[in-house]
Amino acid sequence: MNYVVVGVSAAGLSALRAIRELDPHGDVTVVDEETRPAYSRVLLTHYIAGRVGERDLFLVEEEFYRRCGVRALLGVRATGLDPDGRQVHLADGRVLGYDRLLVATGARAVVPAWSPPGGAGDRGGGGETGETGVTGLRTREDAVRIRKAALAGRPVLIVGGGPVGVKLACALRELGVIPTLLVGSPRILSQVADREASLILERHLARCGVRVRCGVEVREVARGPHGTEGVVLSDGSVLPGRLVVVCKGVEPRTELVGGHVAVRRGVLVSGAMRTSVPDIYAAGDVAECPDIWGEGTRVSAIWPHASRQGRVAGTNMAGGRDLFDGVLPRNAMDVLGTPFVSMGVLDAPAEGGWRSVSRRRGDSYLRLVIRGDSVVGAVLVGCVRLAGPIQAAIRRGGRGWEEVVAP
Amino acid sequence: MLSIGVDPTRCTRCRRCEAVCEMAHGGDGRGLQSRVRIRDSGWPLISICRHCESAPCADACVSGAIRTDPLEGTVQVDAARCVGCWSCVMECPFAAVTMADVAGRGPRASKCDGCREWGFPLCVRYCPTGALRAGAGAGETSGRVRREHAARLALLPGRGTWPALRGRAGGGTPA
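Protein sequence lines correspond, in order, to chains A and B.
Heads up: the first sequence at position 95 corresponds to 95 in our numbering, and the numbers run straight through without jumps.
Positions in the second sequence are counted from 1; adding 1000 to them yields our numbering.
Mixed in with the good hints, there may be bad ones.
[Said to hold, decoys possible] Label pairs and their in silico Cβ distance ranges:
(1) B:Gly1042 / A:Ala272: 35 to 41 angstroms
(2) B:Thr1012 / A:Gly294: 39 to 45 angstroms
(3) A:Gly362 / B:Phe1120: 37 to 43 angstroms
(4) A:Asp27 / B:Gly1042: 36 to 42 angstroms
(5) A:Pro24 / B:Pro1008: 41 to 47 angstroms
(6) B:Leu1032 / A:Gly258: 50 to 56 angstroms
(7) B:Pro1008 / A:Gly259: 53 to 59 angstroms
(8) A:Glu62 / B:Thr1012: 51 to 57 angstroms
(9) B:Asp1040 / A:Arg203: 29 to 35 angstroms
No lab work stands behind these hints: they were computed from the structure.
Ideal Cβ positions, reconstructed from N, Cα and C, are used throughout, including at glycine.
Construct the entire structure; sequences and hints are all you get.
This is the structure:
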């Protein structure tokens, strides 16, 4: 059997392991744009904060692929797909045949229109990001750049109040820098927290010395003779800063398979990680998967899903049988000493048997979203001890939550 | 091969396990360190690590700090690698992972280590009713399956860089 895996990060790597467990002798080729072995993107903000060294970012050693008996084509991009001829075309002209293909191309940082070319997160683009003073936070290089700038005392502006933006703000604060967090929404973490949790965490950040500005839109980057001098907001005011970090979320990198397999936001896959075309699988941030309630499909760019989906894809590719039990969006983070966890559905519509149960003691906050009698979502701030049992309840079908949160 | 089994129907909430764990692992001025916690009501009644064969905390660990020891079968935390991201707390269905302050580094994951130092979990030894059990087969998994996995682990490339004992077929979070 001849396997090709495009993209080796969380999903590609666990697929590789699953394939090798079941098929020790098959031909496996991995293709990745990065020249170094896979590293953990989740650790990038922790690296910036100085909690882990640069070497600790790597998930596998240099010789990992060789020891696996895997042919690794690193530093080269897969540019085209021929599903009928079962071939993948590479940027350097090479053509790879496959019996089973895994698309684990991940996601790229969303680049807003005002970001200068070659700036935020544009891996394919030319130009040196260092010159533009604008960067994303998606790659190791991005993280190294940000840490360097922060240690050199350059003021940092973070654009985007999602999990990555907030984690970066915390990391920089730990380094002793006072970052400014610019948020388009009226509140931070608007996609992953409810209003109350957002406000608790926003106040906590402010108390810890992070400048938070919500409801502001960036119009352009302010340039001066010495490079980036800040950003211009839509009301015309200028905020000073020498490095602008764009954290506006990610989007699936579907271009390799677009036009060949069914794509909505991400590449549509079944619970077995199969795409609409036989023998082509997708997993990780690029995949759009049924949720745990079987009510819709979602792209969820989170680590545990990626590694689990990779495992499922690899097992099925190698002739085993495994099923992903569905997407349950969730996030955990430490906001400068205050833990925060959210999972599942966060909004309870006014009609249709939805309600929410919440309790608050000081800055400790718990909210459950209930549909019918079943818990389908939760937000926890301060005391997150029950997050695991609540998640288990959601996965069991949502019953029995009263027992979990019993005083 | 260690696994810890729990029978809540036998628990009288005497809390001897909490006290014993505290004596074994606490006492260093960092506050209460007991890794087993008993509640008066609700679920889970007994919060203690089961040393899952396919441990959700280890699967979710972003820094490789939580791993299954291939020989003992226990799930262990390397606090030096932990970055305090709370992912393990979010994943453990038994609320068995907590965060304990490590001097100068902030909260880091803390959980039952199976009393490595003593060779046998003391909470189990001192449980008067048999609500806590330990040993092969105490949980849901037989020793044979665990041994097979351990043997496989030793052959797997990349061992030692990431928890290699991933979810079994149909695994993921126990539900």
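Structure-based check of all given hints:
{"no.": "1", "hint": "B:Gly1042 / A:Ala272: 35 to 41 angstroms", "in the structure": "holds, 37 angstroms"}
{"no.": "2", "hint": "B:Thr1012 / A:Gly294: 39 to 45 angstroms", "in the structure": "holds, 42 angstroms"}
{"no.": "3", "hint": "A:Gly362 / B:Phe1120: 37 to 43 angstroms", "in the structure": "holds, 41 angstroms"}
{"no.": "4", "hint": "A:Asp27 / B:Gly1042: 36 to 42 angstroms", "in the structure": "violated, 53 angstroms"}
{"no.": "5", "hint": "A:Pro24 / B:Pro1008: 41 to 47 angstroms", "in the structure": "holds, 43 angstroms"}
{"no.": "6", "hint": "B:Leu1032 / A:Gly258: 50 to 56 angstroms", "in the structure": "holds, 55 angstroms"}
{"no.": "7", "hint": "B:Pro1008 / A:Gly259: 53 to 59 angstroms", "in the structure": "holds, 55 angstroms"}
{"no.": "8", "hint": "A:Glu62 / B:Thr1012: 51 to 57 angstroms", "in the structure": "holds, 55 angstroms"}
{"no.": "9", "hint": "B:Asp1040 / A:Arg203: 29 to 35 angstroms", "in the structure": "holds, 33 angstroms"}
Violated hint for the displayed structure: number 4, the only one.
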